[in-house]
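There are 2 protein chains.
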Amino acid sequence: MREVRISLVGFGIVGHGVLEVVRRKWGLLRKMGLDMKVVSVTDINGTLFDETGIDPQRLHAARTLEGIANLDIIGKEAIQKVDSDLVVEVTPTNIVHGQPGLGHIEEALSSGKHVVTSNKGPLVVAYNHLQEMAQDNGVMLKYEATVGGTMPLISLVEKNLVGNEILGIRGIFNGTCNYILTRMMEEKYTYSYALTEAQDLGIAEADPAYDVDGIDTAGKVVILANSIFGMTAKYEDVSVTGIREITPEALNLAWERGYHIKLIGEVPALTVKPMLVPRRSPLAVGGTLNVASIETDLSGTITVTGLGAGSIETASAIVSDIVSIYTSRQIDG
Amino acid sequence: MREVRISLVGFGIVGHGVLEVVRRKWGLLRKMGLDMKVVSVTDINGTLFDETGIDPQRLHAARTLEGIANLDIIGKEAIQKVDSDLVVEVTPTNIVHGQPGLGHIEEALSSGKHVVTSNKGPLVVAYNHLQEMAQDNGVMLKYEATVGGTMPLISLVEKNLVGNEILGIRGIFNGTCNYILTRMMEEKYTYSYALTEAQDLGIAEADPAYDVDGIDTAGKVVILANSIFGMTAKYEDVSVTGIREITPEALNLAWERGYHIKLIGEVPALTVKPMLVPRRSPLAVGGTLNVASIETDLSGTITVTGLGAGSIETASAIVSDIVSIYTSRQIDG
Numbered sequence: 335m336r337e338v339r340i341s342l343v344g345f346g347i348v349g350h351g352v353l354e355v356v357r358r359k360w361g362l363l364r365k366m367g368l369d370m371k372v373v374s375v376t377d378i379n380g381t382l383f384d385e386t387g388i389d390p391q392r393l394h395a396a397r398t399l400e401g402i403a404n405l406d407i408i409g410k411e412a413i414q415k416v417d418s419d420l421v422v423e424v425t426p427t428n429i430v431h432g433q434p435g436l437g438h439i440e441e442a443l444s445s446g447k448h449v450v451t452s453n454k455g456p457l458v459v460a461y462n463h464l465q466e467m468a469q470d471n472g473v474m475l476k477y478e479a480t481v482g483g484t485m486p487l488i489s490l491v492e493k494n495l496v497g498n499e500i501l502g503i504r505g506i507f508n509g510t511c512n513y514i515l516t517r518m519m520e521e522k523y524t525y526s527y528a529l530t531e532a533q534d535l536g537i538a539e540a541d542p543a544y545d546v547d548g549i550d551t552a553g554k555v556v557i558l559a560n561s562i563f564g565m566t567a568k569y570e571d572v573s574v575t576g577i578r579e580i581t582p583e584a585l586n587l588a589w590e591r592g593y594h595i596k597l598i599g600e601v602p603a604l605t606v607k608p609m610l611v612p613r614r615s616p617l618a619v620g621g622t623l624n625v626a627s628i629e630t631d632l633s634g635t636i637t638v639t640g641l642g643a644g645s646i647e648t649a650s651a652i653v654s655d656i657v658s659i660y661t662s663r664q665i666d667g
Numbered sequence: 335m336r337e338v339r340i341s342l343v344g345f346g347i348v349g350h351g352v353l354e355v356v357r358r359k360w361g362l363l364r365k366m367g368l369d370m371k372v373v374s375v376t377d378i379n380g381t382l383f384d385e386t387g388i389d390p391q392r393l394h395a396a397r398t399l400e401g402i403a404n405l406d407i408i409g410k411e412a413i414q415k416v417d418s419d420l421v422v423e424v425t426p427t428n429i430v431h432g433q434p435g436l437g438h439i440e441e442a443l444s445s446g447k448h449v450v451t452s453n454k455g456p457l458v459v460a461y462n463h464l465q466e467m468a469q470d471n472g473v474m475l476k477y478e479a480t481v482g483g484t485m486p487l488i489s490l491v492e493k494n495l496v497g498n499e500i501l502g503i504r505g506i507f508n509g510t511c512n513y514i515l516t517r518m519m520e521e522k523y524t525y526s527y528a529l530t531e532a533q534d535l536g537i538a539e540a541d542p543a544y545d546v547d548g549i550d551t552a553g554k555v556v557i558l559a560n561s562i563f564g565m566t567a568k569y570e571d572v573s574v575t576g577i578r579e580i581t582p583e584a585l586n587l588a589w590e591r592g593y594h595i596k597l598i599g600e601v602p603a604l605t606v607k608p609m610l611v612p613r614r615s616p617l618a619v620g621g622t623l624n625v626a627s628i629e630t631d632l633s634g635t636i637t638v639t640g641l642g643a644g645s646i647e648t649a650s651a652i653v654s655d656i657v658s659i660y661t662s663r664q665i666d667g
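In the order they appear, the protein sequences are chains A and B. For what it's worth, our numbering labels the leading residue of the first sequence as 335, then goes sequentially. For what it's worth, our numbering labels the leading residue of the second sequence as 335, then goes sequentially.
Careful: at least some of the hints might be erroneous.
Repeated chains share a single entry, so a pair holds when one copy, or any two copies, can fit it.
[Claimed, not checked] Here are the simulated lysine to any residue pairs, SDA-like style, with alpha carbons at most 20 Å apart:
| # | residue 1 | residue 2 |
| --- | --- | --- |
| 1 | 365 | 466 |
| 2 | 371 | 523 |
| 3 | 522 | 613 |
| 4 | 568 | 593 |
| 5 | 568 | 579 |
| 6 | 365 | 589 |
| 7 | 607 | 491 |
| 8 | 522 | 592 |
| 9 | 365 | 662 |
| 10 | 371 | 658 |
| 11 | 365 | 564 |
| 12 | 568 | 391 |
| 13 | 365 | 465 |
| 14 | 568 | 659 |
| 15 | 410 | 662 |
| 16 | 415 | 366 |
| 17 | 607 | 346 |
| 18 | 365 | 492 |
Derived from the structure by calculation, the hints contain no laboratory data. The structure presented is a predicted model; accordingly, all values stated were derived computationally and were not measured.
Input sequences plus hints: build the corresponding full structure.
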């Protein structure tokens, strides 16, 4: 039985999900040979530490660690001082400077701890730097949950399409935009009416710019470019157009000619823009779904579709990454 | 560098593809630490053996090994006598008795050789028996190419959805049926007209029963049931209805109400039958595509789509399976 001591840094929706998934899957993980325990949870109020593993029931109703933390350490200090094998970094993302996640991930890697994250910002800002740090320290950095939510994309390329050259990836990487465009087409809503509906349903933020202006999608394009295509792309390298200017009339005209309009991100082209997608195409998925089509040299085009977000769903991708760290290996001679 | 000596048993379309993919990807595989060489090719005429690795150019134009084989051994004898680490079994499939593939795979496993196959018959007839043999002999049996062609499905469940309970899988597992139904709907062709077109294009066989009566799909349902759901299903356990009775009028009526009609296989339900699929569903793919929706407890529903068949495409899935044998491991304490 391999013990895996996890430090959870960030205690929002995804953090709660990670605690819950580790609890639900504890028995299954043990059957796989992994004794997985979350030994610490850190937010801006401090750190809750329990070397026997934190009971998630204890934190179920808590929104923060205020009054719950038993150690007065946060951030990098918490990562350094808690004795753990792996850090799950799930603090809020910032796509411009990557902080505080970037500092957390650097601290963990340089301390010889594996890192699994759903935090896009640090990877958009410093993917190659972080992977070099991981390699120098003999640990792994995994980030499936940063792109496409529950839809396996990075691991699909790494594990299932081995031997294939990846010629290109195009997809819908933002469920909010997909929802708005789907409703505009189906109900002939205006952009602003569909946005309001999405906000009422909690699918869009009060300030929707991050989603509807394509910023989120562009961040994912940068991560795919650097991780799968070995590029050194920055956010500024992506040509980005959002969905604010799309009208129901344009959607209707496209529909009559056999097309949808979707916000599509493309690598290695480094573009994010509304594009015509044939109705018959596997990319033509509606609602909040995400989808990616992977063009390969040997296997043709493989398309994968899944939910774009969700607490348990994202946590599931994180736990899957953790397992893969302990079950993959280099080939030895 | 890890040397992998491969015996290729079966020299049809897929066998040629395997030789070609190993040749094309030789450099890439070496970078991954694998020195992969096909040391023997066997068909009913004999075996061509070359311990330094067979040059595929030499076999490029050959339909059989007649006049090319340098050893007078075939089938199980060839598997036993050739010094190899892994057998790729790609002889023609027989879904009733599984032979000759079944005997080949048994011989390989009991000789302590890994097996990778695209041959459905042996797995439909004896999945659990063969996996037990593999385990008893400390080797692996991989079969991604038996279900869904290039679409990663078995490996997706095993590698990418770790920690998830798989609640159900439904999909289109036969590109021929999908092509016929797509053409009937789009062009209002009758079943027999669409079948003739598919035969002219080489998409359907002269005797189409294996595809259009749902036999092929049912075989794949049995493999998924036994491998992913741990069942002990046999072909006879599957309730099967094919597509011969579907009319253009039925397809048109479904379309007007927002549906396609597709031949859908379901596990663990063990059914194959024409079903209504909402036009917006990720399952609603056309042409010769295959598709599978995987319902999970944590990650929601993940859908994957890809080409159903093809020489290089199937061979690519086989090579990917070979790589995964040498890059996955059990967790050690």
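Results of checking the hints against the structure:
no., hint, result
1, 365 - 466, "between (33 Å within a copy, 19 Å between copies)"
2, 371 - 523, "neither (48 Å within a copy, 60 Å between copies)"
3, 522 - 613, "both (17 Å within a copy, 18 Å between copies)"
4, 568 - 593, "neither (31 Å within a copy, 43 Å between copies)"
5, 568 - 579, "neither (25 Å within a copy, 56 Å between copies)"
6, 365 - 589, "neither (50 Å within a copy, 47 Å between copies)"
7, 607 - 491, "neither (24 Å within a copy, 32 Å between copies)"
8, 522 - 592, "both (16 Å within a copy, 17 Å between copies)"
9, 365 - 662, "both (17 Å within a copy, 17 Å between copies)"
10, 371 - 658, "within (16 Å within a copy, 28 Å between copies)"
11, 365 - 564, "between (36 Å within a copy, 16 Å between copies)"
12, 568 - 391, "neither (41 Å within a copy, 44 Å between copies)"
13, 365 - 465, "between (31 Å within a copy, 19 Å between copies)"
14, 568 - 659, "neither (27 Å within a copy, 36 Å between copies)"
15, 410 - 662, "neither (28 Å within a copy, 33 Å between copies)"
16, 415 - 366, "neither (29 Å within a copy, 36 Å between copies)"
17, 607 - 346, "neither (31 Å within a copy, 45 Å between copies)"
18, 365 - 492, "between (25 Å within a copy, 14 Å between copies)"
When each numbered hint is compared with the structure, violations occur for hints 2, 4, 5, 6, 7, 12, 14, 15, 16, 17.
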